[in-house]
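Here the protein sequences line up with chains B and F, keeping their order.
For the first sequence, the tail end lands on 369 under our numbering, and the numbers increase by one without skipping.
For the second sequence, the tail end lands on 546 under our numbering, and the numbers increase by one without skipping.
Rather than coming from a laboratory, the hints here were simulated on the basis of the structure.
Treat the numbers as computed from the prediction; the structure is a model and nothing was measured.
Each residue gets a CB set at the ideal place from its N, CA and C atoms; glycine is no exception.
Just so you know, not all the hints are guaranteed correct.
Partial list, computed: chain F residues near chain B (C-beta under 7 Å) [claimed, not checked]: (1) Gln-86; (2) Ala-143; (3) Arg-165; (4) Asn-327; (5) Ala-503; (6) Ala-507; (7) Gln-509; (8) Gln-530.
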Amino acid sequence: MASTEADYLHIVTADNISAARIRFGKTIIWASAALLCVVGLVQYLDTQGIVSLGFETWRPTLYAFLIWASCLCWGQVLLYGERGKRALFVLPAALFVVAMVVFPLIFALGIAFSNWNLSSPTGRQFNGLDNVRQMWADPFYWNALKNMVWYTLAIVVEYAIAFGLALALNAQIRARKFFRVAFLLPLMLSPVAVSWMIGKSMLEIRFGPVARLLRELGFDQISFFGSPEMARFMIMAMDAWTFIPFMMIMILAGLQAIPKELREAAEVDGASGWSRFWEITFPLMLPVSITAILIRIIFKLKLADIIINITAGGPGGATDSVTSFIFREYRDRSNVGYGTLLAIVYLVLIVIAMTILMKLADRWMRPRY
Amino acid sequence: MKIDLYKYAVAAGLTRRGLLKGAASVGALAALGGLAPAGRALAGGHGNVRAEILKVPGVGMGSPTDADWQKVGEMCLGPTMERVAQGEFAGVELTFMGLNNQNLHNFLFRGFLKPWEAYTGAKINWIDLAQADYNARLQQSIATGTVDFDILEMGAPFEGDTAGRGLLDEMPGWVSEQIDEGDLVGYLQPPVGTWDGKKYRVTIDGDCHTFAYRKDYFGAGAIGGETVPSTWQQVNAVSKALAGQTDPLTGLPAHGYLDPLKGWGGFGFYFIANRATAYVKHPDDPAWLFDADTMKPRVNNPGWVQAIQDVMDLIATPGAYPADQINADPGTTAFQQFLAGTGSMLMWWGDVGSSARTSDTSVVGDVVGFGINPGSDRRYNAAAGAWEDVANEAPQMAYIGWGIYVTARVSGDEAKRKAAWSAAAHLGGKDLSLWMSAYPSGFQPYRNSHFNYEEWEAAGYDRAFVEDYLGSNADSYNHPNAAVEPRIPGIFQYYSVAEDELAKGFAGQYASAQETADAIAAAWERITDQIGRDSQIALYKASLGM
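Generate the whole structure from the sequences, applying the supplied hints.
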């Protein structure tokens, strides 16, 4: 008879697991796994036309997966008793992630290396690295990536503004609570609403109030989206307006967590306002700042809705983001294979860039002695 | 009829007295039996269906409701009763996929088909889609083999994606007879609706681009010259000459033709095509986008390049376009520019004229006129590879219009098949279509019998308006050299990628119009190769009826 009593600390109850129970546990896990493999294989053969069993959907395989997942969880308890129960806190979530994220990702990889235009009568066909070659020679994709660099760099300015606003709201100013709520309002707006309210209405060059005001002020040829630089700047500005409050609120939370004593001690030591900020506040805020910037970069890399609504990537691709380009490739041109490859490559680029950034951030945030 | 147009018509000329007069005339005409189609069996004891249905609910009596749609559907059941026995389809269940734009389309179909369901015993389940979701839903159903509908509302450009792949059921002969196909306007006659000589479509709509212009820009002493431009050469000359002048209505800078320079999900391509058809649509050749034998794009031939060059010339002329035109899509040119008093010439679908009167932001209601697509002093002959100094005119049937199709899901079940086609024929019936043309439905006139102005006048419409609006449509529909777009798979992919390249060209990223056109041609070649050149050639020829 096996016992886990003496082996581990923190065991709440003693498990006396019989050999028969272990056998049963192993049996249900392996039997359900075998069932999953067999059902999956049979369905695959059916879709390939090798056997003809008339499956209409992949639901049988899904059900087999669910049975296997349940048996795996149950089996943990049967095999390991108390320790197995602890595994149940994590295992279902892990299986869910595998089913909902990892499997689709693998499926997407298969699509990414295929020639799959929804209008093609031949359907999906594996085409090796053709999509990669096409991407390599696609000026629209590289142009969109270049634009993304500009858009991402704009975060530095956004951060500076957000920090300034957070400092102001952290100070003892009048109507502080009102301003805190008011500054948060843009974040609550959907980017699509921002596109229409600001980009398509307020900035409309004929009737828009901004254009009218500029005309009153003596400007003649008003064009907010006419030149590439101006259009890109306007997109950056609208996106910044929406998301600066997000960074601001994070930084504000960080500022409020800094102990007052530090500032007071610095004042006693005769530090100037600037040195108090630069030597105390800013370094202490680095972890929050880095987190805010990293999250903001992730948001920024998904920028698409404002662009799709206002400029459709124009003029001449000047405002195109990778996501808005993929949207056109996928939705307007039904080019599923190539569109998926572009998205996967973008994902890989993002993962690499974010890993490097986090490593660097980790180094920067170590205390200086 | 499109909603805006209906409102316009009502606003344009209907008074209570006029309405009563109209109703009286309808009654008189009905009594004479002058408008009744000969030999037509009539449902429910109504004396003259056409005149009677036009009284439901009555022009100017508010928007029709579901009760009205059901009533009209019931009054038009005659042709169904001739061919289907009562309760014949009991137990048959069909699924209908269509749109829910502006609460029209499927909403009307439900009402029209309710009495049909009651009579035949069939049951219809509905899949309602927003316009924006339609293409993706249809393409995904096709690509993943999950077509879950028996009857389909679809635009003709998608026939390549469906009929071309054998997903549609061939129309039985009795349907052609029931809907009186010979009454369709010229361009909707085969090959539209057919593949390899087989018919698939019950037409319920017509679409074409017409020319709208500002009457106050043209005439004696007007800033645009004596006459309205009738060729693209004149359009460009006037547009250049207007730069720097003042708009007679708004006092703001005057402008000529409004080209949309920004993409619009593929639909923007129709607008450069409006210019190009005059140059490249040769009367001897139905093809104008590709060579039918090779699918080699014609978009970079001298005719197309001229069209692109025309736009580039206006971009290079300071003041020819409004500021920020590079960021104007077709929606902007029509609704934010032309209707708001900016610019004097525009190509658009029929509803821009109606919006001129009914839209709150429109200032041009009293000064808008209609015509057909401008022509050209010369035309390019793709077969000979040379320009010909012969005047040419080629109105573009942009999007061709909606139709009802039946999918191959019903092909194996004769009862289901007959039921599906009976429902489709009911919706595309000659009398019902008159009602759809005259009342808000989202559909435009598409039969020769719709251009019988007396019927409209008798129903209470303003004659001058109806003649102006319907006239420009009729002239375009029946034009012998109408440019009908190819109904090949993925046609909007070609348009979409062309928009991207044109945007680069218009932004000055290509050295010339030729280079821009070459980039489009190269992108089109890639799409053709991806979809499959041989199948595209076969389908292109089939779509042209070759």
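So, going through the hints one by one against the coordinates:
Interface hint at Gln-86/F: violated, since its Cβ lies 35 Å from the closest Cβ of chain B, which is beyond the 7 Å cut-off. Evaluation of the Ala-143/F hint against chain B yields a held restraint, the C-beta minimum of about 4 Å falling below 7 Å. Given hint, Arg-165/F at the interface with chain B, holds; its Cβ is 6 Å from that chain's nearest Cβ, closer than 7 Å. Among the interface hints, the one on Asn-327/F holds; its C-beta lies about 4 Å from the nearest C-beta in chain B, closer than the 7 Å criterion.
With 7 Å as the threshold, the beta carbon of Ala-503/F comes within range of chain B, its nearest partner Cβ sitting at about 5 Å, so the hint holds. For Ala-507/F, the suggested interface contact is upheld, since its CB lies about 3 Å from the closest CB of chain B, less than 7 Å. A cut of 7 Å between beta carbons decides the hint on Gln-509/F: the least distance to chain B is about 5 Å, and the hint holds. Taking 7 Å as the C-beta cut-off, the interface hint given for Gln-530/F holds, the closest approach to chain B being about 5 Å.
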